Each structure stands twice: as structure tokens, then as C-alpha cells.
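Colleague: Turn these sequences into a full structure, and let the hints guide you.
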Amino acid sequence: MKLLVPLFSVLLCFSCIPLRIAPSIKTDKVMVAKKFKRKLPKEHAFIFEDPKDANEFYNYVNTKYERLHLDVESNVPFEIDGELFYFSFYEIEIQHKVLMLLPFLIDSKLNQGEDAPVLGEDYISRNGNRYLAITVSNANMEDCLKPDNIHRNAVMNYLRHLRVEYLSTQNYLDALFRK
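FYI, the numbering for the sequence shown is 1 to 179, going by my numbering.
It is worth saying that the hints were derived from the structure and are not from the lab.
Bear in mind the structure is a predicted one, so any value in this text is a computation, not a measurement.
For glycine and all other residues, C-beta sits at the position ideal for the given N, C-alpha and C.
A hint or two may mislead.
Distance ranges between label pairs, derived from CB positions [claimed, not checked]:
| id | residue 1 | residue 2 | range |
| --- | --- | --- | --- |
| 1 | 96 | 138 | 30 to 38 angstroms |
| 2 | 35 | 96 | 14 to 22 angstroms |
| 3 | 168 | 67 | 17 to 25 angstroms |
| 4 | 99 | 73 | 28 to 36 angstroms |
| 5 | 171 | 39 | 28 to 36 angstroms |
| 6 | 3 | 34 | 45 to 53 angstroms |
| 7 | 5 | 156 | 53 to 61 angstroms |
| 8 | 34 | 58 | 18 to 26 angstroms |
Computed list of lysine to aspartate or glutamate pairs in EDC-like fashion (alpha-carbon distance at most 20 angstroms, straight line) [unchecked claim]:
| id | residue 1 | residue 2 |
| --- | --- | --- |
| 9 | 34 | 91 |
| 10 | 146 | 28 |
| 11 | 35 | 93 |
| 12 | 42 | 91 |
| 13 | 34 | 143 |
| 14 | 37 | 50 |
| 15 | 37 | 73 |
| 16 | 29 | 91 |
| 17 | 26 | 91 |
| 18 | 37 | 143 |
| 19 | 52 | 91 |
| 20 | 34 | 148 |
| 21 | 29 | 49 |
| 22 | 26 | 165 |
| 23 | 34 | 50 |
| 24 | 34 | 73 |
| 25 | 42 | 142 |
Modeller: This is the structure in C-alpha cells:
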């Protein structure tokens, strides 16, 4: 018992406490978008990690679907087996937040009675992941990624192909010629 208290206090001082952890998505995931991020709609979404810079998917969609910077993020039409569908996408960044106890404890000891912290105010480390959430509807505005929708498999295959093409394309004019 006497050894556990010093060991626990050493581990506590040198530990980092995760406050928020961004999810890790290997390839893609279909789920209700609002459960992934509160600000998203209550529709099913095709979600994947985006390793590219912000607005790269916007540029990709704008070039591939020839949107001319008009309504690029919402109701982009595409066709599967002669039927018209519309997708909307949302770029999301979810940050990892970690509280570092050692700088906080050192500052609290060294800073007794002073206004400014000695080691700075960087007790929380932040780095994040960027995600893309794509929702799909048909002409009747039905959620085409719902598990009971008859077009779900075809739409998911299209979105998987779109994801692979986006991640592998550097020059988005190439995507225009692959139509």
C-alpha cells in the first residue's frame, strides 16, 4: 500500500487526460449524421476521414460535376441506373483534446500569488481529424442511405467509388474526364 501511493502520484503527474477523442474511421461508415456531430441533419450519412486540406472536396465536386461554384455543397445531382439522386456534403473537424497535468501542476506551484502563468497557458493539447459526411436523397427527398431503402446498396457503391476517386486524384480536372 505504501508503494502504491507514490506510484499513483507519479503516474498522475506525468499523465495526460483525454478530454475528447476524435473517432477513427478506417474506410467509411454509414450512420445518422446527428449522432456523429450535433450540428448535422437527422439523416443517414456516408462518413469518411479526409486527409486532404479543407475545401479540397468542395473543389473536387465543383470540378467533377461542373457546378461553377453554385450550390456545390448541397443537392448535387448524380445518376445511378437512370434514376436521379442528390447528395449534400458537410466538412467536419473533430479535435482530440488532451489535458496535460504536469505543466498545470508546475504552474500552480510556481505561480502562487502571481498573475501570469510561468509555463504558459497550454495545458490542453489540440489536434484534430477532418471528416466528410455525405447525405443522399432522391427526387422525393427520401433518405437513400436508410437501412430499409431499396437504393441503399447502389448509392453506397457509388459513394465508395467517389471516395476512392477523390482520395486518389490530385488534379481534379482528371476527375472531370473520368465521368
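Colleague: Now tell me, hint by hint, if it's right for this structure.
Modeller: Status of each hint after checking the structure:
no. : hint                            : verdict
1   : 96 with 138: 30 to 38 angstroms : holds (37 angstroms)
2   : 35 with 96: 14 to 22 angstroms  : holds (19 angstroms)
3   : 168 with 67: 17 to 25 angstroms : holds (21 angstroms)
4   : 99 with 73: 28 to 36 angstroms  : holds (35 angstroms)
5   : 171 with 39: 28 to 36 angstroms : holds (32 angstroms)
6   : 3 with 34: 45 to 53 angstroms   : holds (48 angstroms)
7   : 5 with 156: 53 to 61 angstroms  : holds (54 angstroms)
8   : 34 with 58: 18 to 26 angstroms  : holds (22 angstroms)
9   : 34 with 91                      : holds (14 angstroms)
10  : 146 with 28                     : holds (15 angstroms)
11  : 35 with 93                      : holds (15 angstroms)
12  : 42 with 91                      : holds (16 angstroms)
13  : 34 with 143                     : holds (14 angstroms)
14  : 37 with 50                      : holds (15 angstroms)
15  : 37 with 73                      : holds (17 angstroms)
16  : 29 with 91                      : holds (15 angstroms)
17  : 26 with 91                      : holds (17 angstroms)
18  : 37 with 143                     : holds (18 angstroms)
19  : 52 with 91                      : holds (11 angstroms)
20  : 34 with 148                     : holds (19 angstroms)
21  : 29 with 49                      : holds (10 angstroms)
22  : 26 with 165                     : holds (16 angstroms)
23  : 34 with 50                      : holds (19 angstroms)
24  : 34 with 73                      : holds (18 angstroms)
25  : 42 with 142                     : holds (12 angstroms)
Checked against the numbered hints above, the structure violates none of them.
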